[in-house]
Amino acid sequence: MRALLYKDLRNLRRYIAQLMAICLAFGLIFGISNGNLYFVAGYAAMLSIMIQLNSMAYDEQCGWYRTALTMPISRRALVGSKYLLGLLAVAGGAAYSLVLSAVGSFFLPVSPLEALAAAGGCSCIALLFLAILTPLLFRYGTEKTRLLMALLFVLPILLLFVIERLGLPMPSETVLAGLLLALPFLIAGLYALSFLISVRIFRAKLP
Amino acid sequence: MENAIKVEHLSKEYPGFALRDLSFLVPRGSIVGLIGENGAGKTTTLHAILGLIRPEQGRIELLGRPYDPKNPAHRRRIGVVFDECGFPPHLTCAAVGRMMGLVYRELWDAGAFAEYCRRFALPQNKEIRDLSRGMKMKLSIAAALSHRPELLILDEPTGGLDPIVREEILDLFSEFIQDERNSILFSTHITTDLEKIADQIVFLHGGQLVFSQSKDDLIYRHAVARCTSAQFAGIAGGEYLRRRSLPGGGQELLIADRDAFARRHPQVVLDRAGIDEIMLFYVKGEEK
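Chains as they are written, first to last, in the working numbering: chain A, 3 to 209; chain B, 215 to 502.
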């Protein structure tokens, strides 16, 4: 697993540095100057997803999976390393938005609880996206999954739009608070389930 | 003699192609060349041996024990080189070495890897995407050899390389085989490479085994007889393996025993049969 993580981080090192620079610029422009710290938290979470997706695109492109399976690397470890990379990237994004909130608190009125909720909520959504996308990427490859990926990003906005148009009542604050507390456990369960599905898909594809 | 690879009754079916009842051996201490036209089943065979596809039927033994693709430990003593470098493009040679060290742990010989890189003049800090095809293949070979495998499985590793690079790579394979426990299964279209280093040739055609034979027997005992129609009329069907009609009316015959044929038909011109020509006779030629 260490070897696989090292490979991904080393291969993506320049890309990760670019993402970090973008996050930093966005943090300064939109977060601290415009006072929109939570937008930056969402943006950092979205960019963190790209790290795992890109690593899978590179692996597919260079035939890494086939090469790796001639080495003493299990299929489970190969799939697991992608989930671990996703988790690390999302955690990095969350850590960045928390640090930004802490720095921003010197200039702006920031509620620590709200900052934590924003970072946690955005991380959960990022992990949910990864939990849905990763098995699809293993099954169909990056080229075919690109369309589904775009759909997945648009879907929540469409859903909110439909709810608003239909005039459906928004859940109460108590329900929302309960949902927010249950969310990490729900996402952890979904992420684990997604991993098991991906292992199954990978084993069927490369037995 | 113990076998490095034992393939028995291997079958795999795809739409429009089937590998049928393939059996052959790679004895320890030998280099076996796997040849055949495009689509003959060479890569399918290698993938089945490596457990990258699931055959419908057949049994595979690697290094003296049944191969279990689900068990990563079974792959510790095997080195594999495909026709493309399978490492991500932004890794450097040094990073590949570090990663492989983490994969193979105590088996990885960092000194040997550094030595191969030096010998092949592989730049340590250049990214793979900036290396030439020859350099990429050299890196793949260096990485495949540095955990001291006992079996090398190569899928067209010299394809598209210039003769100088090919020669360097072939020299390395010859050195590897100096240890009598080591073996190589080498799939290629460049049969001149096999004429230089192989001990045995396994020829596949249309998903079936045509022959598995000693290379020396093939190229020193086989011959191509070029005869006129009149000469051909005096040659019995049992005296040749395959035949090809020449545009001017004569016949080319693939002969299994050059000396015996020459004694019987001293007037017929006999030429050396290279592996390429033998393949052509089987693929394009006619039976007796």
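Careful, some of the hints might be misleading.
In the DSBU-like style, the derived pairs of lysine-lysine whose C-alpha atoms are separated by at most 35 Å in a straight line are [unchecked claim]: (1) A:K146 with A:K207; (2) B:K410 with B:K340; (3) A:K207 with B:K350; (4) B:K220 with B:K284; (5) B:K498 with B:K284; (6) A:K207 with B:K220; (7) B:K220 with B:K410; (8) B:K350 with A:K146; (9) A:K146 with B:K498; (10) B:K410 with B:K350; (11) B:K340 with B:K220; (12) B:K350 with B:K340; (13) B:K340 with A:K207; (14) B:K284 with A:K207; (15) B:K350 with B:K284; (16) B:K220 with B:K498; (17) B:K340 with A:K146.
Over 10 Å on every C-beta distance to chain A, these chain B residues come out as not near it, computed from the model [as the list claims (entries may be wrong)]: (18) N217; (19) P229; (20) K284; (21) E298; (22) P303; (23) D323; (24) E364.
Examples of chain A residues toward chain B, derived with CB under 7 Å [as the list claims (entries may be wrong)]: (25) R12; (26) N56; (27) C64; (28) T69; (29) P74; (30) I75; (31) S107; (32) Y142; (33) T144.
Since the hints were made in silico from the structure, they are not lab data. Where is the CB? At the ideal position from N, CA and C, for every residue including glycine.
Structure-based check of all given hints:
no.	hint	result
1	A:K146 with A:K207	holds, 16 Å
2	B:K410 with B:K340	holds, 32 Å
3	A:K207 with B:K350	holds, 27 Å
4	B:K220 with B:K284	holds, 18 Å
5	B:K498 with B:K284	violated, 40 Å
6	A:K207 with B:K220	holds, 25 Å
7	B:K220 with B:K410	holds, 24 Å
8	B:K350 with A:K146	holds, 28 Å
9	A:K146 with B:K498	violated, 40 Å
10	B:K410 with B:K350	holds, 23 Å
11	B:K340 with B:K220	violated, 40 Å
12	B:K350 with B:K340	holds, 11 Å
13	B:K340 with A:K207	holds, 33 Å
14	B:K284 with A:K207	holds, 13 Å
15	B:K350 with B:K284	holds, 28 Å
16	B:K220 with B:K498	holds, 30 Å
17	B:K340 with A:K146	holds, 32 Å
18	N217	holds, 19 Å
19	P229	holds, 17 Å
20	K284	violated, 8 Å
21	E298	violated, 6 Å
22	P303	violated, 6 Å
23	D323	holds, 15 Å
24	E364	holds, 14 Å
25	R12	holds, 5 Å
26	N56	violated, 10 Å
27	C64	holds, 5 Å
28	T69	holds, 3 Å
29	P74	holds, 4 Å
30	I75	holds, 6 Å
31	S107	violated, 37 Å
32	Y142	violated, 19 Å
33	T144	violated, 14 Å
Checked against the numbered hints above, the structure breaks hints 5, 9, 11, 20, 21, 22, 26, 31, 32, 33 and satisfies the rest.
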